[in-house]
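2 protein chains.
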Amino acid sequence: MQANEALKNFLDNGDAIFQNVSIDCVIFGFHQNQLKVLVLTFKNTDKRSLPGGFVFRDEGINDAAQRILQERTGLHDIYLEQFCTFGQADRAISKVHRDTMQAIGIELPDDHWVLGRFLSVGYYALVDFSKVVLTTGILDEDYHWYDIHRVPPLILDHNHITRKALETLRLMLDYKLIGFNLLPEMFTMSELQALYETILDKKLLRANFQRKMLSLEILERVDKKWTGGAHKAPYLYRFDPRRAAAFLERE
Amino acid sequence: MQANEALKNFLDNGDAIFQNVSIDCVIFGFHQNQLKVLVLTFKNTDKRSLPGGFVFRDEGINDAAQRILQERTGLHDIYLEQFCTFGQADRAISKVHRDTMQAIGIELPDDHWVLGRFLSVGYYALVDFSKVVLTTGILDEDYHWYDIHRVPPLILDHNHITRKALETLRLMLDYKLIGFNLLPEMFTMSELQALYETILDKKLLRANFQRKMLSLEILERVDKKWTGGAHKAPYLYRFDPRRAAAFLERE
Chain A
7 MQANEALKNF
17 LDNGDAIFQN
27 VSIDCVIFGF
37 HQNQLKVLVL
47 TFKNTDKRSL
57 PGGFVFRDEG
67 INDAAQRILQ
77 ERTGLHDIYL
87 EQFCTFGQAD
97 RAISKVHRDT
107 MQAIGIELPD
117 DHWVLGRFLS
127 VGYYALVDFS
137 KVVLTTGILD
147 EDYHWYDIHR
157 VPPLILDHNH
167 ITRKALETLR
177 LMLDYKLIGF
187 NLLPEMFTMS
197 ELQALYETIL
207 DKKLLRANFQ
217 RKMLSLEILE
227 RVDKKWTGGA
237 HKAPYLYRFD
247 PRRAAAFLER
257 E
Chain B
7 MQANEALKNF
17 LDNGDAIFQN
27 VSIDCVIFGF
37 HQNQLKVLVL
47 TFKNTDKRSL
57 PGGFVFRDEG
67 INDAAQRILQ
77 ERTGLHDIYL
87 EQFCTFGQAD
97 RAISKVHRDT
107 MQAIGIELPD
117 DHWVLGRFLS
127 VGYYALVDFS
137 KVVLTTGILD
147 EDYHWYDIHR
157 VPPLILDHNH
167 ITRKALETLR
177 LMLDYKLIGF
187 NLLPEMFTMS
197 ELQALYETIL
207 DKKLLRANFQ
217 RKMLSLEILE
227 RVDKKWTGGA
237 HKAPYLYRFD
247 PRRAAAFLER
257 E
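Taken in sequence, the protein lines are chains A and B.
So the first sequence is numbered by our numbering: it starts at 7 and just counts up by one.
So the second sequence is numbered by our numbering: it starts at 7 and just counts up by one.
Where hints are given, some of them may not hold.
A pair counts as met if it fits within one copy or between any two copies, since identical chains are not told apart.
Below are the BS3-like pairs computed for lysine-lysine, each with C-alpha atoms no more than 30 angstroms apart in a straight line [unchecked claim]: (1) K208 - K218; (2) K209 - K182; (3) K182 - K170; (4) K14 - K53; (5) K209 - K49.
If you're looking for bench data, these hints aren't it; they were derived computationally from the structure.
Can you make the complete structure from the sequences, with help from the hints?
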């Protein structure tokens with residue numbers, strides 16, 4: 007009930023909001039060789055959506071995206087990029103919002119600001135899966151990580167937004183060397199290769215991949231991984247952002 | 007005076023507009039080995055800006071961008087891509103608009119919709135310079151093509167928007183093979199190389215460039231260019247969009 011009060015206050019206070027604009031976030035994580043996307047489920051419904059939110063009147067859109075992601079994941083300094091803005095003429099969330107509000111006992115008048123046409127600015131985020139501590143919002147009951155190949159039907163154009171984010175991630179993987187944001191601090195070469203193979207959705211030749219990665223001179227070899235076994239232990243690597251910046255500068 | 011009437015009617019009719027959102031277009035053309043950008047000057051002022059406009063309430067943002075570009079350049083089927091949305095908290099065009107309107111004798115009340123905060127969706131367009139027929143809008147007096155290295159100070163964040171568009175063009179040049187949109191239908195290999203060198207702002211080795219371009223198998227060799235001279239005439243090429251699509255599919 008406390009949450010509902012907070013929501014009502016928020017909805018009544020439309021003047022504090024930069025109206026007609028929302029933020030939607032495609033949060034990617036990598037776990038057990040799967041590329042995952044964070045999806046929320048609204049309370050008392052089977053409606054699912056990307057995490058998102060509104061922009062305050064005195065807040066820039068990039069700041070709003072950072073705030074929303076921090077609130078949801080508990081993480082600061084998230085790798086975050088704007089990738090596309092979605093603004094079809096009929097992009098109103100009225101039907102969805104009326105239903106999700108009704109499901110928690112709130113009735114909205116027809117001319118309420120939240121029921122109008124919304125343009126959504128899409129951001130994708132890359133997080134270290136192991137560090138995320140999820141927090142639910144006032145409307146949503148639960149969060150799940152879904153394999154990118156098994157994302158369920160989402161509200162509005164959120165499935166389309168998710169596909170667009172994946173396209174951008176694939177393109178930027180080499181161009182900006184951003185994949186490392188999805189890994190823990192130290193990783194083996196085969197973990198790195200599995201990440202690339204999963205994102206690109208294709209097999210890569212082991213020797214070629216290793217040669218290419220080492221030739222970039224952006225990895226620091228740390229130590230051998232202790233496996234306890236008799237066979238050869240793999241090296242551990244750490245991504246060096248300074249060297250990566252220098253590499254991208256040279257390109 | 008007729009134009010002013012049209013403008014007044016437009017400004018009074020805020021309900022027809024999807025408010026808080028505008029479109030800004032970075033229109034690139036290639037001429038005499040220079041990459042050029044189209045810039046407009048507002049009537050009776052020295053204020054310059056990118057061509058842009060508003061979105062109608064029943065119009066998608068991509069459709070609005072197409073419409074605005076058609077109105078300005080006279081071209082249909084323009085190569086057009088959304089690249090970034092600009093939404094700083096203090097991004098209000100009030101000061102600029104008050105001045106440009108005053109310059110043509112229109113006073114706006116403080117709470118007029120056009121004076122509020124605006125989020126701008128940025129698009130870049132690639133046009134065949136030789137085919138453009140420029141049309142001025144109701145606010146702007148004149149258009150000029152500026153070399154990308156000599157763009158004058160523009161209103162608001164329009165210089166920043168221009169730089170972002172150039173960054174995206176450079177990135178997409180290879181990834182989407184879009185450079186051909188800047189050339190006439192037939193061109194020589196050295197014209198194509200000059201285009202790439204200008205966009206990337208660096209010299210390329212002639213033999214390497216030619217080998218790489220031909221290896222993509224996206225060019226159709228048409229005929230020798232008649233130069234009238236005794237020396238060897240260069241081949242003319244035509245870009246084959248079907249083969250390019252097949253190439254990008256394979257990649």
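Against the structure, the hints come out as follows:
1. K208 - K218: This pair counts as both: shortest intra-copy Cα distance 16 angstroms, inter-copy 25 angstroms.
2. K209 - K182: both (21 angstroms within a copy, 23 angstroms between copies)
3. K182 - K170: Answer is both; intra-copy 17 angstroms and inter-copy 15 angstroms each pass.
4. K14 - K53: within (20 angstroms within a copy, 45 angstroms between copies)
5. K209 - K49: Classified as neither: same-chain Cα gap 40 angstroms, cross-chain 59 angstroms, threshold 30 angstroms.
In this structure, only the earlier hint numbered 5 is contradicted, and the remaining ones agree with it.
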